[in-house]
Amino acid sequence: MDKTLSPIQRRLIDVCQHNFPIEPDPYSTLATKLGCDEATVIDAFKDLKAKGYLARIGATYATGRIGASTLAAMEVPEADIEKVAQKLGRFTEINHNYEREDKLNLWFVVTAADQPTLTRTIRDIEIVTSLKVHRMPMVEHYRLDLGFALQWN
Amino acid sequence: MELTALQHQLIEELRNGLPICSHPYRTLADSIGTSEADVMNALHQLMQDGLINRFGAILRHRALGYQANAMCVFDIPDQDVRDIGKRMAALSYVTLCYQRERVPGIWPFNLYCMIHGREKMIVRAQIRHMVAQLGLTDVPQKVLFSKRCFAQHAGKYSLSPTSSVIPAGEQHEPA
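Residue numbers (UniProt numbering), protein chains in the order written: chain Z, 1 to 153; chain F, 1 to 175.
So here's chain F without its partners, still in its complex pose (with noise of 0.2 Å):
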């Protein structure tokens, strides 16, 4: 989908997040130099057009205590994919869910999936219990915990050609 210059500038000006003080699309308009106005109104039609999926505060979740991460990977006949894949998208446990591409000869799971928990044991038994309820005990599966989480940015999807400077420190939003 084709972006508004607008949306552009505003898109990279977000990386930094919205400004904590009062009147943030204000502050935000002038840094961006517009007004006030069209900056809430091309993130109005940005969230109507469904291009941004949420709008909020973005958390640390490592730094809130969610230190137990786990990617599951399944290898899924290609025709019962999604079907499973909305089951599994449906656990409450299930933060993210999605097909992907295959690396043939690497790595053959199509379906991943990301449960966040506080405590590994817990997030086992999630495991166990997604893996019984869709009857993938035969399948060919692996769990990745995290071990560590190296400094992570916000998207770049902008096409400034200059890249926004990161705050130092910046760390959040799990895959």
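This is chain Z alone, in the form it adopts within the complex (with noise of 0.2 Å):
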């Protein structure tokens, strides 16, 4: 866990999870700030990235205002769920795919580039699995960033 993870990373995380630099040499940009140097940043991100603690450096979206998406959940007998989840996994428009502790055990979030697409791939994903998906789009977000700084001790 956080054992593994240099003085250098822990920085960078707390530092990188908002306004990665957008200019040419971001990451030299990064060493300036820490004090160290370019190649060091690199390094550490490859590391982050292979040890599995970081997803990737990119963006997320403000939902609803580009391409359509909705959470979705299914109810799936307990001895099929490992079985659908697969499934699922081989679509590229579902991500954040959780098993949760309830009737309605299967939990994820569809996206796609506008509502038909979304609404086609949610009737595959019944066709595939058999199951019904139920749909909770959303109204109105209140709080959306799971940049949230990380409690090192």
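Hints may contain errors.
Stated by the list, open to error - With a straight-line Cα cutoff of 35 Å, these simulated DSBU-like cross-link-like pairs (lysine-lysine) come out:
{"no.": "1", "chain 1": "F", "residue 1": "Lys120", "chain 2": "Z", "residue 2": "Lys49"}
{"no.": "2", "chain 1": "Z", "residue 1": "Lys46", "chain 2": "F", "residue 2": "Lys120"}
{"no.": "3", "chain 1": "Z", "residue 1": "Lys33", "chain 2": "Z", "residue 2": "Lys83"}
{"no.": "4", "chain 1": "F", "residue 1": "Lys86", "chain 2": "Z", "residue 2": "Lys132"}
{"no.": "5", "chain 1": "Z", "residue 1": "Lys83", "chain 2": "F", "residue 2": "Lys147"}
{"no.": "6", "chain 1": "Z", "residue 1": "Lys46", "chain 2": "F", "residue 2": "Lys147"}
{"no.": "7", "chain 1": "Z", "residue 1": "Lys46", "chain 2": "Z", "residue 2": "Lys33"}
{"no.": "8", "chain 1": "F", "residue 1": "Lys120", "chain 2": "Z", "residue 2": "Lys83"}
{"no.": "9", "chain 1": "Z", "residue 1": "Lys103", "chain 2": "F", "residue 2": "Lys86"}
{"no.": "10", "chain 1": "Z", "residue 1": "Lys49", "chain 2": "F", "residue 2": "Lys147"}
{"no.": "11", "chain 1": "Z", "residue 1": "Lys49", "chain 2": "Z", "residue 2": "Lys83"}
{"no.": "12", "chain 1": "F", "residue 1": "Lys142", "chain 2": "Z", "residue 2": "Lys87"}
{"no.": "13", "chain 1": "F", "residue 1": "Lys142", "chain 2": "Z", "residue 2": "Lys83"}
{"no.": "14", "chain 1": "F", "residue 1": "Lys147", "chain 2": "Z", "residue 2": "Lys132"}
{"no.": "15", "chain 1": "Z", "residue 1": "Lys132", "chain 2": "F", "residue 2": "Lys142"}
{"no.": "16", "chain 1": "F", "residue 1": "Lys142", "chain 2": "Z", "residue 2": "Lys46"}
{"no.": "17", "chain 1": "F", "residue 1": "Lys147", "chain 2": "Z", "residue 2": "Lys103"}
{"no.": "18", "chain 1": "F", "residue 1": "Lys86", "chain 2": "Z", "residue 2": "Lys83"}
{"no.": "19", "chain 1": "Z", "residue 1": "Lys103", "chain 2": "F", "residue 2": "Lys142"}
To be verified - Some but not every residue of chain F turned toward chain Z, in silico, with C-beta under 10 Å:
{"no.": "20", "residue": "Ile52"}
{"no.": "21", "residue": "Gly85"}
{"no.": "22", "residue": "Gln141"}
These are calculated hints, taken from the structure and not from any lab test.
Fair warning: this is a prediction, and the values are worked out from it, not measured in the lab.
The beta-carbon is built from N, C-alpha and C at its ideal position, and this holds for glycine as well.
Using the supplied hints, reconstruct the complex from the two chains, each of which is provided in its own coordinate frame.
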């Protein structure tokens, strides 16, 4: 866990969850900020990725402003849950696929370029799994930012 | 909002993440077939327009020790949901908070929040604090901790016909 992270890696996580520099040499800019060199920053990020702590350096999008998406849930017989999850894994439109403690036990987010594609994708999921997909689309968000500061202790 | 062709390509490319190398925007531009300046301008524009709400390190919280991930749902009268949602969102331990449509006969809940923590016990205490603080004791509610996290991808918002190949083991960004 944390113990395997170097001080540089912790600081990178602390400073890089928002506003990653958009300029020709972002890793070099970060290196200056942290008082090391670019190669150290690049190696630190590569190692974070290799160890599975970093999914990617990338973007999250404002739900409702871009494309179409919805939270969805299914009631899956306990014995089938891995099989069904595996089938869902083949849909690149699905992210955030969690098993949760409830009768509705498989929860995921479906994203698509537009509403018709989203509807089609959900129908495909129902066909492939032979299960009903319940949709809980967002009405309004009050807080949407997973870039919270980690507690290191 | 209409996206330019370049923005679509950029969004698709970014699903695999910004390259981790010197001049990553140039590398990204090369794979799209445009210039480094165009890529950086398009990104700035997406952020300025608020379409990108965060650009940076996207972490796998579970791997980092945040194993206790609670989705709390409440059935709040429609006229109160915004007010309560805003107060809920202001609590320091709430990481996501939104109103969603109910599913008639199946799922009566319309207000959701997520709490990510290292220990279930602490998250449970935070939930108790939240319920007391917002006066939600008598409101129909549920707490759904996550049990397992199956493979996850970055959202596929672009129009490109071919799905990008997601690197094996690609896994995070809790819902």
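- Okay, which hints does this one fail, numbers in order? 3, 16, 18 and 22
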